[in-house]
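Trainee: Listed below, chain by chain, are the residues.
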Amino acid sequence: MAKKEYSFYPGCSSERKASASNYMVSVDAMCEKLDIKLNEIPDWNCCGASIGYAEGGELPRHVMNARNIALSEQNNPNQDIVATCAACWLGAKETADRLDASEQLLADTREVLKEAGLDVHLKNETPIRHMVEVLIEDIGYEGIKEPMVKSLEGIKFAGYVGCQTNRPFGVDGESFENPMYLDKMVETVGGEAIRDYEKKVTCCGGALAFSEPEKSQEQIKDIIEAAYDQGADMIVTPCPVCQMNVEVYQDQINKTYGTKFHIPVTYYSQLLTVAYGGSAKEAGLNGNIIRAKQLEEIAAK
Amino acid sequence: MNDVNTTMVDKYRNDFLKEVEENVEEGHWVKMCMQCGVCSGSCPFGPHWDHPPQEIFMMIRAGKRDEVLTTESMWMCTSCYNCIVRCPRELPITHIMHGLANYAHRLGIAPKMNPTRRFSAIFWNNITKTGRVNELALSLKLYFMDGFGNGVKKALAMKKVGIGMIKTKRLNPLALVNHKGVKNPKELHTLIKKAREIEDRRKGLAS
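Top line first, the protein sequences correspond to chains R and S.
So the first sequence is numbered by our numbering: it starts at 1 and just counts up by one.
So the second sequence is numbered by our numbering: it starts at 1 and just counts up by one.
Treat the hints with care, as some may be off.
[Stated by the list, open to error] Result set (SDA-like, lysine to any residue): computed pairs, CA atoms no more than 20 Å apart in a straight line:
#, chain 1, residue 1, chain 2, residue 2
1, S, Lys-160, R, Thr-259
2, S, Lys-183, R, Glu-103
3, S, Lys-112, S, Lys-160
4, S, Lys-203, R, Glu-111
5, S, Lys-194, R, Glu-5
6, S, Lys-31, S, Pro-92
7, R, Lys-17, S, His-179
[Claimed, not checked] Only some residues are given here: those of chain R computed to face chain S with a beta carbon under 10 Å:
#, residue
8, Ser-21
9, Asn-39
10, Glu-40
11, Gly-48
12, Gly-52
13, Tyr-53
14, Arg-61
15, Val-63
16, Val-112
17, His-121
18, Gly-173
19, Gln-219
[Said to hold, decoys possible] What the simulated footprint calls covered on chain R by chain S, stretch by stretch (three residues with Cβ under 8 Å from a Cβ of chain S suffice, anywhere in the stretch; the number is not a length):
#, segment
20, 5-18
21, 202-216
22, 248-262
23, 285-291
These aren't lab readings, by the way, just hints derived from the structure by calculation.
Ideal Cβ placement from N, Cα and C applies to all residues, glycine included.
All chains, full assembly: derive it from the sequences and hints.
Mentor: Pasting the structure below:
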């Protein structure tokens with residue numbers, strides 16, 4: 001039996017051939033090494049993300065998330081819900097909080113879920129957690145280190161925590177302005193963390209990278225510039241939106257601002273997978289558009 | 001003219017604060033703002049707001065209904081939640097901004113051409129269609145929202161990004177035909193429809 005078991009909410013971007021499919025590949029490999037079993041919530045749906053607000057309103061958004069919570073409580077009872085995506089985690093957790101705070105909202109949600117026979121399954125008492133919480137709270141830094149067979153020594157990482165993994169809920173015991181867990185994770189597997197990375201919790205524009213590209217790219221430029229200024233070899237993040245926004249627009253930013261950015265943007269799970277002896281493929285490194293060559297080299301050793 | 005909007009104007013007369021408290025998500029918090037301005041200074045898109053959050057709160061209390069509901073300001077919110085965690089009074093500012101934007105949109109008086117308003121609607125329709133995001137359809141719909149010519153231009157500008165994503169297997173080039181969502185999208189549509197009906201009834205938005 002696996003050491004730990006969770007009800008897993010992968011989210012849309014983690015699907016095959018979706019924007020964070022390589023995140024999922026590395027999470028799978030990482031969890032296998034840590035003996036964590038993820039039981040996918042059957043038939044889960046999108047959380048609505050933040051940007052759904054204009055058309056989605058309140059109740060429809062909460063119903064989307066409550067459906068997932070009900071499905072989890074029905075099929076994976078007594079297992080904490082774990083999300084790898086910041087928006088999925090935030091959306092689900094926010095709904096759970098709101099339903100908990102308002103009897104009216106809970107009653108309305110139940111009335112809607114009745115149409116799918118799910119009202120009876122919604123208890124709304126399951127903790128909703130991010131994968132990084134599982135790692136640092138349930139596994140612990142010592143536990144994270146245990147399967148390590150290779151050190152990431154010699155690579156300097158700018159730990160870009162971003163927004164929604166950090167706010168409004170954040171991780172227990174960490175500050176909103178300067179959370180340290182990502183740096184500690186990097187150091188645990190032998191990498192060098194830039195603990196005072198200036199843009200650690202700066203917004204990349206989120207969904208507005210689509211609708212307001214110029215304004216968002218100005219933000220992204222600052223995030224990358226600070227990483228270079230502070231001597232980073234690569235950026236590491238826990239968020240699929242941060243990863244994509246900071247990675248894929250580098251060419252466009254170079255055109256606009258005359259910069260020469262070409263810096264890999266990786267996931268914490270890719271770092272751990274490589275440190276655990278996983279191949280580049282298992283770490284999803286072939287999914288990075290700007291290849292993380294130093295990690296690939298360590299993986300190939 | 002817009003019926004729901006006229007109904008609301010008649011119903012609340014000069015009491016815009018009351019209208020916000022009753023109809024806008026987390027609107028009951030507005031009167032708690034003490035005008036310190038930390039939210040405005042913390043916003044990553046701060047310089048792009050015609051009226052930053054702190055100003056919006058005061059405008060609501062001053063009854064500046066049209067100015068608030070028709071501004072592009074709230075549509076600059078990136079959902080970074082910086083304002084929420086820094087507000088000394090712990091106002092859920094992000095949610096209030098989303099709520100105001102949503103309310104203006106539902107009344108039909110939000111700025112028509114605002115790209116984030118349009119993207120938000122495209123996004124919501126995209127995810128509720130099958131239950132899961134279809135990233136290819138989402139991007140194409142966004143690029144082509146201003147007609148075919150503009151769409152081709154924007155799609156070409158994004159070509160390199162798109163090819164990079166396809167090459168690394170992070171975008172499904174065939175998603176328009178083989179995207180998979182939840183098992184029973186129709187059931188999900190029923191849920192969303194019913195949720196919307198209840199919400200509209202509660203907020204007096206039912207037409």
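Trainee: State for each hint whether it applies.
Mentor: Cross-check of the supplied hints:
no. : hint                     : verdict
1   : S/Lys-160 with R/Thr-259 : holds, 18 Å
2   : S/Lys-183 with R/Glu-103 : violated, 30 Å
3   : S/Lys-112 with S/Lys-160 : violated, 30 Å
4   : S/Lys-203 with R/Glu-111 : holds, 17 Å
5   : S/Lys-194 with R/Glu-5   : violated, 35 Å
6   : S/Lys-31 with S/Pro-92   : holds, 12 Å
7   : R/Lys-17 with S/His-179  : holds, 10 Å
8   : Ser-21                   : holds, 5 Å
9   : Asn-39                   : violated, 18 Å
10  : Glu-40                   : violated, 13 Å
11  : Gly-48                   : holds, 7 Å
12  : Gly-52                   : holds, 5 Å
13  : Tyr-53                   : holds, 4 Å
14  : Arg-61                   : holds, 8 Å
15  : Val-63                   : holds, 4 Å
16  : Val-112                  : holds, 5 Å
17  : His-121                  : violated, 14 Å
18  : Gly-173                  : violated, 15 Å
19  : Gln-219                  : holds, 6 Å
20  : 5-18                     : holds (count 6)
21  : 202-216                  : holds (count 11)
22  : 248-262                  : holds (count 4)
23  : 285-291                  : holds (count 4)
Hint violations for this structure: numbers 2, 3, 5, 9, 10, 17, 18, all remaining hints satisfied.
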